[in-house]
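Peer 1: Residue numbers (the numbering used here), protein chains in the order written: chain D, 1 to 115; chain W, 116 to 230.
Take the hints with a grain of salt, since some may be wrong.
[What the hints assert, rightly or not] Partial list, derived from the structure: chain W residues whose beta carbon lies under 8 Å from chain D: (1) L160; (2) Y163; (3) G173; (4) P176; (5) Q219; (6) F221; (7) P223; (8) L227; (9) V229.
[What the hints assert, rightly or not] Some residues of chain D that are not near chain W, with every Cβ distance over 12 Å (derived): (10) G16; (11) S26; (12) L82; (13) F105.
Everything labelled a hint here was simulated from the structure, so no lab data went into it. Every value quoted in this text rests on a predicted model; they were computed, and no experiment measured them. All C-beta atoms in this analysis are idealised placements derived from N, C-alpha and C, irrespective of residue type, glycine included.
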Amino acid sequence: AQSVAQPEDQVNVAEGNPLTVKCTYSVSGNPYLFWYVQYPNRGLQFLLKYITGDNLVKGSYGFEAEFNKSQTSFHLKKPSALVSDSALYFCAVRVGSSGNTPLVFGKGTRLSVIA
Amino acid sequence: NAGVTQTPKFQVLKTGQSMTLQCAQDMNHEYMSWYRQDPGMGLRLIHYSVGAGITDQGEVPNGYNVSRSTTEDFPLRLLSAAPSQTSVYFCASSRESRTSGGPQYFGPGTRLTVT
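Bound-form chain W, shown alone:
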């Protein structure tokens, strides 16, 4: 298994540009999520999905869109990039259940700089 993969690893955008961060997992996990990591802020949840066709907002959703058309893929779209979106973005997945509380598996991250 490749686990959770993210592309690209690095990206530089100009203010106002749009782009999509890709995330895929091959573990048949129902639950997927996107976080951003900023110094001193820890990880903050952007959006999450509990299954194909179902998404919901996390703590910091503004400026980002997501969709979940398949179990495997969960892309994150920046609609109009702003310098405040400069961050490291992590995608994660887990096999959630009501009794097991499965751990999340994280991708390697995408380092995004918006100038």
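Extracted from the complex, chain D is given alone in its bound form:
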């Protein structure tokens, strides 16, 4: 079975500082990894994904994530946080190369960027 863990319920960071939101995964097979963001009272929006290739993936709004196979991690990062980045962030995984297997989400990490 596939699973995702987001070990932090809440991350606080000062505006202008770098941010990291952690994610680890477990799948039997090659992982397809995703990050989504949810603003208040909205649906989830896709940020970035890792399928194959370069371990550093760049996405929307200046976010990036690094795939680390040995540590089974896919941490979300941004060099300089903005107050507008404050939101709920979800990591998700599915097994690659297996057609239409469903996406499994982590429980989410609330990011608060303080001015």
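Given chain D, work out where chain W should sit, using these hints.
Peer 2: Relative to chain D, chain W alone:
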């Protein structure tokens, strides 16, 4: 494109009532799914469909039915509402393929309260 639309936005039901949450997408996506979002639980998959006429159960299917008669529509039926089904429900769609791992597009959600 309207993307993924959901109706209604809000609904209050009494215990034992039934209702259908509507979901439609105009992107010709094969894959559609229903999630519920509860505080501290992240998103949990209820049912999903890999194409018209094909549905399957997710993590928390009990008390819900789905059907997929067309590519565009994927309604979720609550057979006999219970207070435990109070949640925010999200519908999502994606163009899945074995190689691309396309991201999911989410609707705005339906906030359901069962009293």
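Peer 1: All the hints need checking, so say for each whether the structure fits it.
Peer 2: Results of checking the hints against the structure:
no. : hint : in the structure
1   : L160 : holds (5 Å)
2   : Y163 : holds (5 Å)
3   : G173 : holds (6 Å)
4   : P176 : violated (12 Å)
5   : Q219 : holds (6 Å)
6   : F221 : holds (4 Å)
7   : P223 : holds (5 Å)
8   : L227 : violated (14 Å)
9   : V229 : violated (20 Å)
10  : G16  : holds (29 Å)
11  : S26  : holds (15 Å)
12  : L82  : holds (23 Å)
13  : F105 : violated (4 Å)
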